[in-house]
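Residue numbering for the sequence shown follows full-length UniProt numbering, starting at 1 and increasing by one per position.
Calculated from the structure, these hints are not laboratory results. It should be emphasised that the depicted structure is a prediction, and the values quoted were computed from it without experimental measurement. Just so you know, not all the hints are guaranteed correct.
[Claimed, not checked] Listed next, the in silico DSBU-like pairs over lysine-lysine satisfying Cα-Cα at most 30 Å (straight line):
id	residue 1	residue 2
1	214	279
2	152	205
3	481	399
4	54	41
5	415	223
6	54	570
7	417	477
8	205	191
9	214	151
10	759	783
11	481	503
12	222	274
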Amino acid sequence: MNKHILCFIFSVIIGISLVVPAHSTSIWQRKITNYERSQYKAGFQNWMITQSDKGWIYSANSNGLLEFDGVNWTSYPIRNNVIRIIKIIDNNIYIGGSSEFGLFKPNAIGQLTYRSLSDKSKNWGGEVWNIEDGGDVIYFISERYIHIYHKKVGNVSMIDSDTKIDCSLLHEGTLYLATPNGIFYLNSNNKLTFLEASEPLSGHKIVSLLSYNKDILVTSAKKGLYLLNKSNIQQINSIADSFIQKNQLFSTAISGSKIAIGSVQNGVIIFDLKDPFYKEEFNINSGLKNNTVLGCFFDSNQNLWLGLDKGISYISLNSPISPLFATVSPIGTGYSSAMYNNELYFGTNQALYKLDKDNRYQLIKGSEGQIWSTNIIDNTLFSSGDNGIMVITPTETYKIDLLGAWETHALSEDKNKLMVATYSGFCILKRENGRWMFSHKIPEFRDSFRGFIEDDEPYNFWVANANGTMRRLTFDKNFEKIIRYKTYTLNNNAFDSNIIIRKIENNLVICTRNGILQYSRITDSFDHYTQLELMLEGPKYYEFLYLDKYKNIWFVADRNLKVLAYSEGKYQEYIHNWGLSNELIDSYENINMIDPETAIVAVDNAFARIDMSRKNGKFSTINTYIREITCSKNDSILSYGSSEKRLSLPYSLNSIKINFAATFYDHSSDILYSFRLKGIDDDWSIPSTNTVKEYTGLHEGKYVFEVKAFIDGNPDSSSITSFSFTVHPPWYRSVLAYLLYSLAIVILILIIYKKTISKQKKIIHQKGEELIAQTRRYEEETKLKDEAIYELQNENLKNELKYKTQELNGYMLNVIRKNEMLENVKRNALNISKAIDEEKQISTIKQKVMSLISQINTNIEHDTDFEIFQSNFDLIHQDFFKLLDERFPNLTRNDKILCAYLNMNLSSKEIAPLLNISIRGVEVNRYRLRKKMDLDRDVNLSDFLQSLKQYV
């Protein structure tokens, strides 16, 4: 840069700084988070701070390396313990300390392990204060020596500067070293060369060298700031000069044109090279825990980290929330605030305070004691509290001695009266001669209540009692008595004790643990206000609800203060979460809108201001990380940091604990986490502040654990972080085990098969033999059964034959008896006929008798019993008559009958009466029969007829 141009620019800056006063210090402070030794559990001193690509913070601590992921602190000690400088290069953390330098790099499971490089340099000592990245080489710079680590070959070379090195800078490929004798640079031959332009700095202590555009920004201990290049040097007069001259400087940091300078005695100053009027100072009085700033660092969000002589501090430079006090509030806990006549009033648990033009707090005399509310009515400020009501007008301030006043409200039907809610009922204030004073107490109602709202109907008020009831009261026109009241319950149950009662869009709304309810004039009851619940976060417990004058809906849910902003005639689609979960006062939340972009919130440490313009729609995406995975059974670390590789776990390590964290340091205490384990839980868990999840007894299988973080109530504010892992089955359920099981089963099946086949063959052989034996037995049994059946059949035939023979014999006997009877009848008839002839009786008698004889003869000769006899005889004697007809067809019926009788072995004497002939006649017939059969005389006729069948 041209020397004349530089002189002109700095002259203009100096001139402006002389005529324009510096910004007066704002009453609203930066939010400062202090991390003490008891939290990070390492040494007091923190010499330098830096940040990784993940957003994690690393500190060079007197007890080693400190790592902070937004939730957890981890310490990595090294040899000689003290670390002075850290620098992250290619995901490796290079460190330098007391006679020690080296690097930390992740091991196989992601955990940092230390590798010392200092042993490669011989015969040196002292503190390593600087590390510079030269690409293929890393410069470790101690108080006298330059140690050059060659990354490719792994060795370390050393250069002796022969002088004390205060600080260094690698700028545009050249290494610059600040010494008490001026600034040197390392030339191409690795020789130190004096920078002629730095001659004005000789003999002065240089605190830091920083790159600023194409120049080097030099910070001297007493002379201030300089811009330096290879050809010239120019001093810069800045708003920080006074601070630099008064304090011993120790550390610096730069981000763009913004610079932070840390001192030994008075904290840190922040200023901007492009804004000559901007500066901020932070020390013990501003909230730091220590005034000695050993290291400064601007993180990726342009917030400032300070390494202190005792602890670490984080200054939120970009937070939209500014506390009134960075340290303990001198005015107490905040309960209400009001902007009246361009002056800010604060009601606390101690008194009512006013902020004067010089930003000094001024106690309003007479207001001492608890202040519950501040209301502006008819251009008059009413501060209600434990010891009465302070009335502040543009011309005077006075007190109304009405003890135990919760809040004061105007009356729509009478502008000259005010209603006050007290610890013991209602009181009325009246205006006389331009001043307000106590009028009277309304009898018949002595309950203590904080909230009441005037109804749209005249003289009607809604009262939320501390005992958990909602009442509607109707007063007379003079507000002297209650003429009617009604108590409301929800589903026959009392309301919650902490009832929030509001009017939103002319709807009477109350918040209970059952959700948001609204009053319906049609049903005269309270119903769920579904529309409003859906606009907010659904049916849940809203601890606080408030509609400000700009129609923004403020509410507290899950202990966080949130807002649904109203702009351009509609509500936004998302809800912004301001956090403050550990600062709000339960049941006494208070929001006061100063202007459309500024809200004053009552908190435990007085008040905080919210810059609504800084919400910018949504928070930037929160980075969530899997911090650590450990085995619950033996506390061994399985993985450290997020890993893209799938983690494989044996079944013996199937119980794991997962630690996760989100790097959002402004709202670290307000971050909510939601997670799930695919394979077990398909739904996301309810968001909570818990950063640890444990799973025990996982079954074998593949799993994916997912986690995301919320800060503004919008799921889009968080990216999902996941890691995959596999739980292998136990050895007895492994693939090899199943193969062995299968092989054993196959072998067993083969053995069983062979044994079964052998057994079956034996059984078949035995069965064959048994079948043969059984067949033989069956045949024998069948033969015996057949013989038995045959014998039974023969026996039956014999019995039947005997029966038939007996039947035939009986028939023959019947025939014989009949014939004998007929013979007797015949003889008798002959005798009668003879007698008649002899006596010569009537001829007719004789004719009748002769007729009778004729009929008897006819019956004897043509008796039909022959057919029956023949049929039965054939059945018994095996077709005897059929054989006679076939052998001797010329036989007469009487011949056949005679043959039958002879076959039956009947004698001639027995046959004669059967044939109704004489014995001689039987002999004659037998002779004739032998002739017809052509039988010899020596053949017995009866034997021949009995054996007739064999002659066929």
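Here's how the hints hold up against the structure:
{"no.": "1", "hint": "214 <-> 279", "verdict": "holds (24 Å)"}
{"no.": "2", "hint": "152 <-> 205", "verdict": "violated (36 Å)"}
{"no.": "3", "hint": "481 <-> 399", "verdict": "holds (26 Å)"}
{"no.": "4", "hint": "54 <-> 41", "verdict": "holds (22 Å)"}
{"no.": "5", "hint": "415 <-> 223", "verdict": "violated (67 Å)"}
{"no.": "6", "hint": "54 <-> 570", "verdict": "violated (38 Å)"}
{"no.": "7", "hint": "417 <-> 477", "verdict": "holds (12 Å)"}
{"no.": "8", "hint": "205 <-> 191", "verdict": "holds (22 Å)"}
{"no.": "9", "hint": "214 <-> 151", "verdict": "holds (28 Å)"}
{"no.": "10", "hint": "759 <-> 783", "verdict": "violated (35 Å)"}
{"no.": "11", "hint": "481 <-> 503", "verdict": "holds (25 Å)"}
{"no.": "12", "hint": "222 <-> 274", "verdict": "holds (22 Å)"}
Of the hints listed earlier, those the structure fails to meet are numbers 2, 5, 6, 10, in rising order.
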